[in-house]
Amino acid sequence: MTVSASPAPAVLFPRPSKRIRGRSIAVLVFLAMAALFFSVPLYVLVVTSFKTMDQIREGAIFSLPEVWTFDAWRYAWDEACSGLTCEGLKRGFVNSLEILFPSLIASIAISAVTGYALALWSVRWAGGFLFLLFLCAFVPFQIIMYPLIVITVNMGVYGTIWAVAFIHTVLAMPVLTLIFRNYYKDIPPEIIKAAIMDSGSFWRIFVEIILPMSGNILIVVLIMQITSIWNDYLIGVTFGGLGAQPMTVNLANMVTVTTGTVSYNVNMAAALQTAIPPLAIYFVLGKFFVQGIAAGAVKG
Amino acid sequence: MPRVSFEHIVKKFGALTVLDDLDLTVESGDFLVLLGPSGCGKTTLLNLLAGLADVTSGRIMIGTRDVTDLDPKDRRLAMVFQSYALYPTKTVRGNLRFGLSASKLPREEIDKRIAWAADMLQIGPLMDRRPAQLSGGQRQRVAIGRALVKHADVLLFDEPLSNLDAKLRTEMRMEIKKLHEELGPTVVYVTHDQIEAMTMATRIAIMNGGKIEQFGTPDDVYERPANLFVAGFIGSPSMNLLPATAEDGGRARLADGSLIDLTAYAFDAAPSPGAALVAGLRPEHFTLAAPAEAACRLDLPVRHIERTGSDALLSLAFADRRITVRVTPTDAAHLRTGDRVAVAFPKDRLNLFDARSGRRI
Chain A
1 MTVSASPAPA
11 VLFPRPSKRI
21 RGRSIAVLVF
31 LAMAALFFSV
41 PLYVLVVTSF
51 KTMDQIREGA
61 IFSLPEVWTF
71 DAWRYAWDEA
81 CSGLTCEGLK
91 RGFVNSLEIL
101 FPSLIASIAI
111 SAVTGYALAL
121 WSVRWAGGFL
131 FLLFLCAFVP
141 FQIIMYPLIV
151 ITVNMGVYGT
161 IWAVAFIHTV
171 LAMPVLTLIF
181 RNYYKDIPPE
191 IIKAAIMDSG
201 SFWRIFVEII
211 LPMSGNILIV
221 VLIMQITSIW
231 NDYLIGVTFG
241 GLGAQPMTVN
251 LANMVTVTTG
261 TVSYNVNMAA
271 ALQTAIPPLA
281 IYFVLGKFFV
291 QGIAAGAVKG
Chain B
1001 MPRVSFEHIV
1011 KKFGALTVLD
1021 DLDLTVESGD
1031 FLVLLGPSGC
1041 GKTTLLNLLA
1051 GLADVTSGRI
1061 MIGTRDVTDL
1071 DPKDRRLAMV
1081 FQSYALYPTK
1091 TVRGNLRFGL
1101 SASKLPREEI
1111 DKRIAWAADM
1121 LQIGPLMDRR
1131 PAQLSGGQRQ
1141 RVAIGRALVK
1151 HADVLLFDEP
1161 LSNLDAKLRT
1171 EMRMEIKKLH
1181 EELGPTVVYV
1191 THDQIEAMTM
1201 ATRIAIMNGG
1211 KIEQFGTPDD
1221 VYERPANLFV
1231 AGFIGSPSMN
1241 LLPATAEDGG
1251 RARLADGSLI
1261 DLTAYAFDAA
1271 PSPGAALVAG
1281 LRPEHFTLAA
1291 PAEAACRLDL
1301 PVRHIERTGS
1311 DALLSLAFAD
1321 RRITVRVTPT
1331 DAAHLRTGDR
1341 VAVAFPKDRL
1351 NLFDARSGRR
1361 I
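Chain order of the listed sequences is A and B.
The first sequence begins at 1 in our numbering and counts up by one.
The second sequence begins at 1001 in our numbering and counts up by one.
Treat the hints with care, as some may be off.
[To be verified] Okay, derived cross-link-like pairs now, DSBU-like style, lysine-lysine, Cα gap no bigger than 30 Å in a straight line:
id	chain 1	residue 1	chain 2	residue 2
1	B	Lys1090	A	Lys185
2	B	Lys1012	B	Lys1177
3	B	Lys1177	A	Lys185
4	B	Lys1112	B	Lys1090
5	B	Lys1090	B	Lys1073
6	B	Lys1211	A	Lys287
7	A	Lys185	B	Lys1167
8	A	Lys90	A	Lys185
9	B	Lys1104	B	Lys1167
10	B	Lys1090	B	Lys1211
11	B	Lys1177	B	Lys1167
12	B	Lys1104	B	Lys1090
Rather than coming from a laboratory, the hints here were simulated on the basis of the structure.
Put together the whole structure using the sequences plus the hints.
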């Protein structure tokens, strides 16, 4: 079958050039205002943290530092007093890391396996269990705070890193399990049927088939958890006691409890130091985060 | 190769009974096709055999083993799914290897089998690709390969060709048939496509509403349908089913008053005069030139002509219904809608059913 090729049309229809319209201007103005709303305080925060106290006392908060100095950063990290101890934020930073890793690994590992079991294996009472998880996800932390304190005291971990990590793990599990379960529910049922006939092993199917398909959702959950655990204040201040306070609690003590003049530059440097880790995670993993949220079903 | 038998199988989902006291035996090395409309229970039956669903009551035997309560991996069977169900993150080789993961075979044996299957299905060059990089036909080959490496005694297919285009489907049909002839496993194959059933099966079980309507060879099912459901289901275009009344002297009267000669018909049980019958006449058995031994001759107006290329279908008005007749395109060429055409039906091609019970008589 041959079709005689007609010559390409000589006239290229000129496309009208795009003009900025009224509604785009409105959107642009709104976006610019929103950007200013966030970036102006951030700008003040950053420049103040590099100023000397002498310059800060002059009161020109928008001016750039006359002398760029890292003194405030170093002081906030190493020497600033938080409560009675004067070791700077580094204590809190280490504590936060020590809280972050166990709770991150435990909460993701347990809820991924639970979600996998609920989504792909026939589990008795799975529907009721899911409903319960759904309810649990909406219980405000403050309501169960006191019983949880009693539990951790009885476990003998109250006031340690482990109490904070344990509470983070427990509180995150309902939502994470629901997230994993919904993600795994979209895996074509025939794949799991084939795997059951091929291998039949719960763990082997999880490790060899399901886990490699979970990259997107793992990134999403990872970012969610890192941010929420790192930024948490209430759980840290309640369960951490004096020795296991995370960085946020450390920062709050440093800023609220001051003797003498308020060292704005130190406070701002400390605030930035506390905020940098989750920001870094966003910059590194942000692209995958969007992909993970956009990706629904896993195609076979 | 073992025989597979279902004994008194009942399957209920809550209050809904999908299979009710079903018995079926597949002889060793048979290619059984479970054929039926959607929702007839054929896939459920396959899942019960595979162990992917539990029977409510009854027993499933493979050879002399009672597999009713065995885990799927212990039943020594392999299955090919409609959507291929390849593991998306594994390569073709990884897919085949995972198929053997429950078998605890030595490494060399696994590699040998993978090479054998790759050679058999000509997927050697694809071994390091992932499923997303394969075409539909290639994916289906890999899925079949994953089933073959197990050297299972019983192979199960769940509508494996319905996602392929028409040309590939024909090719794969022949290929599966060839594999069955070379390797000789017992096959249970689920489909709703009667061409697949007629071309591949050595035995067909036609299912409807959770029951087996007829179990027999493709020829049996086509030439001697056991009841009205099978008669209407098998064949495209479907059989003309005309109500008739039995009369004395081995004849029956059709709705328009014309007579059918039943003297050459091999009755299981001859009907008494006045009994209500249904006569089944396949469209392709009608002739335009009257044969000597015609059961009936009809002179009917043409309502509609459909040309399919290889032949033409005439739709003729008969009493309050239509009769479909298949003729050659040459015969149809000079016919127009509204013309009257004389057709005859040979005596030895008749199918007769009892109108009340629907059974063949």
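Q) Within a Cα-Cα threshold of 30 Å, do Lys1177 (chain B) and Lys185 (chain A) meet the stated pairing? A) Violated, at roughly 35 Å.
Q: Verify the proposed pairing of Lys1104 (chain B) with Lys1090 (chain B), using a straight-line Cα cut of 30 Å.
A: Holds: Lys1104 (chain B) and Lys1090 (chain B) sit about 19 Å apart, inside 30 Å.
**Q.** Holds or violated: Lys90 (chain A) to Lys185 (chain A), with C-alpha atoms at most 30 Å apart
**A.** Between Lys90 (chain A) and Lys185 (chain A) the Cα gap is close to 43 Å, so the pair fails against 30 Å, i.e. violated.
Q | Pairwise hint evaluation, Lys1090 (chain B) against Lys1112 (chain B), where the allowed Cα distance is 30 Å at most | A | Given pair Lys1112 (chain B), Lys1090 (chain B) holds - Cα atoms ~19 Å apart, limit 30 Å.
Q: Measure nothing beyond the straight line between the CA atoms of Lys1090 (chain B) and Lys185 (chain A); if it is 30 Å or shorter, mark the hint as holding.
A: holds, 20 Å
Q: Compare the distance between the alpha carbons of Lys1211 (chain B) and Lys287 (chain A) with 30 Å, and conclude whether the hinted pair is satisfied.
A: Violated. Lys1211 (chain B) to Lys287 (chain A) sits at ~55 Å, over the 30 Å cutoff.
Q. Are the Cα positions of Lys1012 (chain B) and Lys1177 (chain B) separated by 30 Å at most?
A. violated, 33 Å
Q: Verify the proposed pairing of Lys1090 (chain B) with Lys1211 (chain B), using a straight-line Cα cut of 30 Å.
A: Violated: Lys1090 (chain B) and Lys1211 (chain B) sit about 40 Å apart, past 30 Å.
Q) Under the criterion that the straight-line Cα-Cα distance not exceed 30 Å, is the pair Lys1090 (chain B), Lys1073 (chain B) satisfied? A) It holds: about 20 Å lies between the C-alpha atoms, which stays within 30 Å.
(Q) Please verify whether Lys1104 (chain B) and Lys1167 (chain B) have alpha carbons no more than 30 Å apart. (A) With Cα atoms ~39 Å apart, Lys1104 (chain B) and Lys1167 (chain B) exceed 30 Å; violated.
Q: Decide if the proposed pair is consistent with the structure: Lys185 (chain A) and Lys1167 (chain B), CA atoms, cutoff 30 Å inclusive.
A: Distance ~34 Å between Lys185 (chain A) and Lys1167 (chain B) Cα, so the pair is violated.
Q: For the pair we were handed, Lys1177 (chain B) and Lys1167 (chain B), check the Cα-Cα distance against 30 Å.
A: It holds: about 16 Å lies between the C-alpha atoms, which stays within 30 Å.
Against the hints set out earlier in the document, violations occur for numbers 2, 3, 6, 7, 8, 9, 10.
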